[in-house]
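Enquirer: Take a look at the letters that make up each chain.
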Amino acid sequence: MVPILSVHNISKKYGTIQALNNVSFNVPPGSVFGILGPNGSGKTTLLGILLDILKPQTGSFSWFGREGASESRKQIGSLLETPNFYHYLSAGDNLKITQAISGRGRLTDIDKILETVNLLQRKNSKFSSYSLGMKQRLAIGAALLGSPKILVLDEPTNGLDPVGIAEIRRIIKALATTGVTIIMASHMLDEVEKICTHVAILKKGNLLIAGAVDEVLTNEDIVELSAPNIEYLINVLDGFSGYTSKKIEGNRVQLFFPINTLQLEDLNRYCFEKGITLNHLSIKRKSLETKFLELTNN
Amino acid sequence: MLSLIKIEWLKIKKYPSFWLMLAIVGLTYPGVNLMFHHIYENITQRKDAAGNIAKFLLGNPFSFPDAWHSVAYFSSFFVVVPAIIVIMLISNEYSFKTHRQNIIDGWSRNEFVTSKLLDVLIITMVVTLIYFIVAVTLGFYYSDGMNASRWNEELQYIPLFMLQTFAQLSIAFVLGFLLRKAFIALGIYFFYLIVVENAIKAYLHFKEYTFGKYLPLEISNRLVPRPNFLGRINTESNEAYKRALSEINEYIILTVLLTAAIWWMSYKIYKKKDL
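First to last, the protein sequences are chains S and H. This note's numbering numbers the first residue of the first sequence as 342 and each following residue consecutively. This note's numbering numbers the first residue of the second sequence as 112 and each following residue consecutively.
Calculated directly from the structure, the hints in this document are not laboratory data. Every residue, glycine too, gets a C-beta built ideally from N, C-alpha and C. Please note that the accuracy of each hint is not assured.
Unchecked claim - Using 25 Å as the maximum straight-line C-alpha spacing, the simulated SDA-like pairs for lysine to any residue come out as follows:
#  : chain 1 : residue 1 : chain 2 : residue 2
1  : H       : Lys124    : S       : Tyr471
2  : S       : Lys490    : S       : Ala410
3  : S       : Lys467    : H       : Trp130
4  : S       : Lys415    : H       : Tyr381
5  : H       : Lys117    : S       : Thr449
6  : H       : Lys208    : S       : His428
7  : S       : Lys476    : H       : Trp120
8  : S       : Lys615    : S       : Lys545
9  : S       : Lys464    : H       : Lys117
10 : H       : Lys353    : H       : Pro176
11 : S       : Lys415    : H       : Ile123
12 : H       : Lys208    : S       : Asn465
13 : S       : Lys437    : H       : Trp120
14 : H       : Lys384    : S       : Asn363
15 : S       : Lys545    : H       : Asp385
16 : S       : Lys467    : H       : Ser128
17 : H       : Lys292    : S       : Gly356
18 : H       : Lys384    : S       : Thr357
19 : H       : Lys383    : S       : Thr399
20 : S       : Lys467    : H       : Ala134
21 : S       : Lys415    : H       : Lys383
22 : H       : Lys384    : S       : Gly356
Stated by the list, open to error - Over 10 Å on every C-beta distance to chain H, these chain S residues come out as not near it, computed from the model:
#  : residue
23 : Asp393
24 : Leu395
25 : Glu412
26 : Asn425
27 : Tyr427
28 : Ile438
29 : Lys453
30 : Leu501
31 : Pro503
32 : Arg510
33 : Ala517
34 : Lys535
35 : Asp555
36 : Leu558
37 : Glu606
Unchecked claim - So the derived label-pair ranges between C-beta atoms look like this:
#  : chain 1 : residue 1 : chain 2 : residue 2 : range
38 : S       : Ser466    : H       : Phe251    : 44 to 50 Å
39 : S       : Glu408    : H       : Met146    : 57 to 63 Å
40 : S       : Thr519    : H       : Trp120    : 33 to 39 Å
Use the sequences and the hints to build the structure in full.
Expert: See below:
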């Protein structure tokens, strides 16, 4: 399967600052690809390069297997960093320009899009009179215009209120089920975790990891357990084999097992036979947040 | 190309400052010509001998065929007004960051520069049209039958005025393009146009160097030489006027070269830089 986007060894320097260092990855068709990283990790620089508004020092990329032509960009709905529109024009007139340049959608689609992002009533107001959230929604509308097969979204929920965030999340989720490929940069991890099928994590311009969410997140199972007498439980657990490490969190014990090696009932039976009645036993997957902090904090 | 013009039209047609500045062009061009006509009348209506001699020697510079030349010359003083439009149109793109958005939406970088080139061309044509209307109106108004029949002489001043305007607006464009901020670009353009180049010219003239005539705005200024009636009425000034006329072709070449270089450089720069 030809990747929608293929990135090869991209490096970018601003003066002495290495914004991106030899970044390579592929985005498979139909995926929701999250690009994560702390502030200043190079997410926006990377998206800027992919949309040809920044030039990399080295490396290359290809959309649909073709090297960065403007024709490919026309098929990509993009929202990069800030909403960029003509301040003296209305929302409708601004979208006419988006439509004319990209060729995406028709003029008759503009009202529909404005309704989707809840701006139809303000269609004829000047962009300069919009609030931050409205500007952001217009930018999302511009990206969605003409139902592109690929969306590139940089912090799409920036500046939105909770209702707006939920609304955008709903739209993105709905689009993902229709086979649209979505490339999204975000630092809102729960958001990414809820939507994305693939992630790439950047730190100071280096790509730490990239792949399907399941592969990135779950390299171990974590079992959390607790009993009234926690010291005794810890002692007893020393006799149980199979886990790689043990951690005590307040009045709970966490055991880390290689993935898919543990039967919870074995552990429960073992404790019971040693005379311990557990008041808590659960298996949990490492959250993206934990993984993210683990990868980026050292 | 047509689609680029269509998109630029979408940007411009509801931009109030654009229409305001265009209205100012529409007022200043006839205004400055009428003002100079008034000055001319004041000189020639003097009842003494000097007035009569002037009238006899000069003819009315606003009747045909001289109107083409005189109106071109006086109108060109006010190239600063369309220059404001040109600088606004490019610096807007930077301040709204739409110079990035246009690329993100699917223009190539060359198409972006071409769209600005078309803006400058269109403004040049509008300005030339206003010049044409002023020249025709004044020309016929101040011509007697004899002069009116000579309306089609000296039509070369129409393309000369157009080239001059395009060249000087291109310089305004490149300042806005490189400096990004409207007020800085405008400030430098005004200061250069009104003070710096004149000061350099005067200094070089004083030192008797001749390369003052190769300054960026001066070469296109020389496409439309100063009309003879503004000079002293003597042989020396007559000779200088004739020389200026004969040198126009040389300055056409220089102007075309400089303007081509400006646009070529703009394309080159935009192709490589981070937006």
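Enquirer: State for each hint whether it applies.
Expert: Comparing the hints with the structure gives:
Taking the CA atoms of Lys124(H) and Tyr471(S), the gap is near 21 Å; set against the 25 Å cutoff, the hint holds. Note on Lys490(S) and Ala410(S): the hinted pairing holds, with a Cα-Cα distance of about 16 Å set against a maximum of 25 Å. Of the pairs offered as hints, the one joining Lys467(S) and Trp130(H) holds, with about 17 Å between alpha carbons and a cut-off of 25 Å not exceeded. For the suggested pair Lys415(S) and Tyr381(H), the alpha carbons sit about 20 Å apart, so the restraint of at most 25 Å is met.
Proximity of Lys117(H) to Thr449(S) is assessed by CA-CA distance (about 18 Å); at most 25 Å being required, the pair is judged to hold. Distance hint between Lys208(H) and His428(S) is fulfilled; the C-alpha atoms sit about 10 Å from each other, no more than 25 Å. For the hint pairing Lys476(S) with Trp120(H), the CA-to-CA distance comes to about 23 Å; that is within 25 Å, so the pair holds. Taking the CA atoms of Lys615(S) and Lys545(S), the gap is near 49 Å; set against the 25 Å cutoff, the hint is violated.
Between Lys464(S) and Lys117(H) the alpha-carbon distance is near 21 Å, which keeps this suggested pair within the 25 Å criterion. Proposed proximity of Lys353(H) and Pro176(H) is supported: the alpha carbons are some 17 Å apart, at most 25 Å. Among the hinted pairs, Lys415(S) with Ile123(H) is consistent with the structure: their alpha-carbon atoms are about 23 Å apart, no more than 25 Å. As the CA atoms of Lys208(H) and Asn465(S) are separated by approximately 21 Å, the hinted pair is consistent with the 25 Å bound.
With a C-alpha separation of about 11 Å, the suggested pair Lys437(S) and Trp120(H) falls inside the 25 Å cut-off, and the hint holds. Of the supplied pair hints, the one linking Lys384(H) and Asn363(S) holds, its CA atoms being roughly 20 Å apart against a limit of 25 Å. This hinted pair checks out: Lys545(S) and Asp385(H) have alpha carbons roughly 20 Å apart, not beyond 25 Å. Between Lys467(S) and Ser128(H) the CA atoms are separated by roughly 15 Å; this keeps the pair inside 25 Å, and the hint holds.
Between Lys292(H) and Gly356(S), the direct Cα distance comes to roughly 23 Å. Compliance with the 25 Å bound is thereby established for this hinted pair. Between the alpha carbons of Lys384(H) and Thr357(S) the distance comes to roughly 17 Å, so the proposed pair stays at or under 25 Å and holds. For the proposed pair Lys383(H) and Thr399(S), the alpha carbon gap of about 13 Å is at most 25 Å, so the pair holds. About 23 Å separates the Cα atoms of Lys467(S) and Ala134(H), which keeps this hinted pair within 25 Å; it holds.
Taking the CA atoms of Lys415(S) and Lys383(H), the gap is near 20 Å; set against the 25 Å cutoff, the hint holds. Restraint check for Lys384(H) and Gly356(S): satisfied, since their Cα atoms lie roughly 14 Å apart, inside the 25 Å limit. Non-interface call for Asp393(S) relative to chain H: violated, since the shortest CB-CB distance, roughly 6 Å, does not exceed 10 Å. The beta carbon of Leu395(S) is not kept farther than 10 Å from every beta carbon of chain H, the shortest such distance being approximately 5 Å.
Distance check for Glu412(S) against chain H: the nearest CB is about 7 Å away, which does not clear 10 Å, and the non-interface claim fails. Non-interface call for Asn425(S) relative to chain H: violated, since the shortest CB-CB distance, roughly 4 Å, does not exceed 10 Å. Taking the minimum C-beta to C-beta distance to chain H, about 6 Å, the non-interface status of Tyr427(S) is violated against the 10 Å cut. A cut-off of 10 Å between C-beta atoms contradicts the statement that Ile438(S) is not in contact with chain H; the least separation is 5 Å.
The claim that Lys453(S) is not at the interface with chain H holds, since no C-beta of that chain comes within 10 Å of its own (minimum 19 Å). Distance to chain H confirms Leu501(S) as a non-interface residue, since its nearest Cβ pair spans about 20 Å, more than 10 Å. The Cβ of Pro503(S) sits about 27 Å from the closest Cβ of chain H, beyond the 10 Å cut-off, so the non-interface label holds. Distance to chain H confirms Arg510(S) as a non-interface residue, since its nearest Cβ pair spans about 23 Å, more than 10 Å.
Under the 10 Å C-beta cut-off, the non-interface status given to Ala517(S) relative to chain H holds; the minimum distance is some 22 Å. Residue placement check: Lys535(S) keeps its beta carbon more than 10 Å from all beta carbons of chain H (closest about 27 Å). For Asp555(S), the shortest C-beta to C-beta distance to chain H comes to about 32 Å, beyond the 10 Å cut-off, and the non-interface label holds. Once the 10 Å rule is applied to beta carbons, Leu558(S) is consistent with being away from chain H; the minimum gap is 32 Å.
Interface exclusion of Glu606(S) from chain H stands, the closest Cβ pair being 55 Å apart, more than 10 Å. Judged by the Cβ atoms, the range 44 to 50 Å given for Ser466(S) and Phe251(H) holds: they are separated by roughly 48 Å. About 59 Å separates the C-beta atoms of Glu408(S) and Met146(H), a value consistent with the hinted range of 57 to 63 Å. At about 35 Å, the CB distance of Thr519(S) to Trp120(H) agrees with the hint of 33 to 39 Å.
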